[in-house]
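Position chain P relative to chain R; hints supplied.
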Amino acid sequence: MKQFEYTIKDPVGIHARPAGLLGKKAKEFEGTVVTIEKGDKSAAATKLMALMGLGVKCGDTVTIKIEGGDEDAAAAAIEAFLNENL
Amino acid sequence: MIKYTGKGVYGAVAIGKVSVFKRQTASVEKVRITDPEAEKARVTAAKEKATEQLQAIYEKALAEVGEEEAAIFEVHMMMLEDEDYNDAINDMIDSELVNAEFAVASARDTYAAQFSAMDDSYFQARAADIKDISDRLLNCLADNGASSELAGDKMVVCSDDLAPSETVSLDKSKVLAFATAYGSSNSHTAILARNMNIPAVIGLGKEFLEGIADGQQICVDGYTGEVFVNPDEDTVARLTKKRDEDLEKKSRLKELIGKDNVTIDGTKINVFCNIGGPKDIPLVNENDGGGIGLFRSEFLYLENSDFPSEEQQFEAYKNVLESMKGKKVIIRTLDIGADKKVDYFNLDDEENPAMGIRAIRICLTRPEIFKTQLRALFRASVYGDLGIMFPMITSESEISEIMGFCDIIKAELDTHGIPYADNIELGIMIETPAAAVISDKLAPMVDFFSVGTNDLTQYTLACDRQNPKIERFVDTHHEAVLRLIEMAAKAAHDNGKWIGICGELGADTSLTERFLRMGIDELSVSPPSVLKVRDKVRSIDLSK
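Top to bottom, those sequences are chains R and P. When you line the first sequence up against the working numbering, it's residues 1 to 86, in that order. When you line the second sequence up against the working numbering, it's residues 1001 to 1544, in that order.
This is chain R alone, in the form it adopts within the complex:
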């Protein structure tokens, strides 16, 4: 399993559009599960409503956990995505 932390820079936090695009990105890695954790709540990156339901705001630090055959590639891609969009 790979895991890293990320602090949200986007002023709106994890909002609908990037959440949707993040889900699409995560789906690219079949067989690999990407989970976003905030505090004691977590959501699969591919689940738009659940992800938004975390209510992640600007300045929040979340933990990204990646598990599966493609975890290295997925971790790099997700991290790049976050840096660019959130």
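Warning: the hint list may mix true and false statements.
Just a few of them, taken from the derived set where beta-carbon distance is under 10 Å, the chain R residues facing chain P [said to hold, decoys possible]:
| # | residue |
| --- | --- |
| 1 | H15 |
| 2 | T46 |
| 3 | M52 |
Hint data in this document are derived by calculation from the structure and do not stem from the laboratory. Cβ coordinates follow ideal geometry from the N, Cα and C atoms, glycine included.
Then chain P, alone, in the frame of chain R:
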């Protein structure tokens, strides 16, 4: 007559008849079913239809409103595909053997409640999206036609609120104004009204909705937020007059598009625009600005989480120059200080940020940042007519240092055969008393001056712009400030250089004549002010 007061979101006046927006919501009854697979298949079919509709709405929004507003419909399509949302519907059908309508309505209510309960207004607002897509799904299940059509002539559309897809779906040619009981000034109703230039008032309250009926006379004043149902004669007369004057003023200003900024005696000046980012560029052309007199480059730094790279900056500047198609673009180098939050700059907290390490002082003490911006600007210069402006100047030595940096950049670019324009104008902002007082020494060193009246006033009157308590001591037309501008204008012209004003005073039409008499060559104002300044210029006769 009953008067309701809400919030006006677009300044205009309408007099017409009420059309109560009728939402086509399918009624939801809980019905027991025996074939869950068939029921789930209905959901799938309805979903496909809903997605098609949303795609059409997305494209209509893209064409009529804009990319940012249209994006919400992409989100709607994603929500429709969400696993949890679909599972909630399908699981309920399987486990409780209920009809698709009931399952969808339940999922809608569950998720809407979840989002409404969140403690952030952005997420709370998403509840409206969930209701919108679920209601669309319900309509598709019921095989209803598209949402209510507006009959007859142009009407004032009245509603509790209008969901994003509802506002976009309306036949714009039939809408005279919007009046809603709820809504926020950034809601789709508001944004659409602004784009359509029609009056809109929101937040009129529940009583408004309960008090209206189709066909009633109604007056909507988008300036004051007042709405009059069954207005009396005086009100109709007053608002008719207000509406006609408003339209006349707007059309007169429109007629000025394409006309020169020239006085009665034939003195011509440039009227340019101040903008803060690429998305304002369309406003420049809509308002017939002759160019950009101040392009604030801070957006690149503020919207980033780290220093924008040379490539990122280059693309942005190139984009602006190309979009302006050869019209002058003056870009100000970064003007950030300890009072503008940009964390990654690691600026110290200062007691006196207005007088501290800001703007050019950051650039000169941290050359890597300066050189990156300058390189990007020089490289982009070949794509249009570029001017570069340096803020917060107080001395000749600062200018010498700046020119030194420019020479280094040019040499570097020459070595690598990277082209740059040979006619880039380099100017400084006159926004400190020092710069105005020694403007005769500074003028020979630069190609132009641009007066930043906001900061110039602050420093000259020793008054903090941000402090409301001090307002009574701030005379924005203070003679001291005007004399400093005059001084700078004389110095510029004695040295054959041009001078412009990019601060707020530039749009103050009570000062236009004084500025013209000083010989100011260019006024750079916010886009909506261009035409009113042009109107004023054309009414002045300097020979009198």
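Verification of the hints:
1. H15: holds (6 Å)
2. T46: This interface hint holds because 7 Å falls under the 10 Å limit.
3. M52: holds (6 Å)
Violated hints for the displayed structure: none, as all numbered hints are satisfied.
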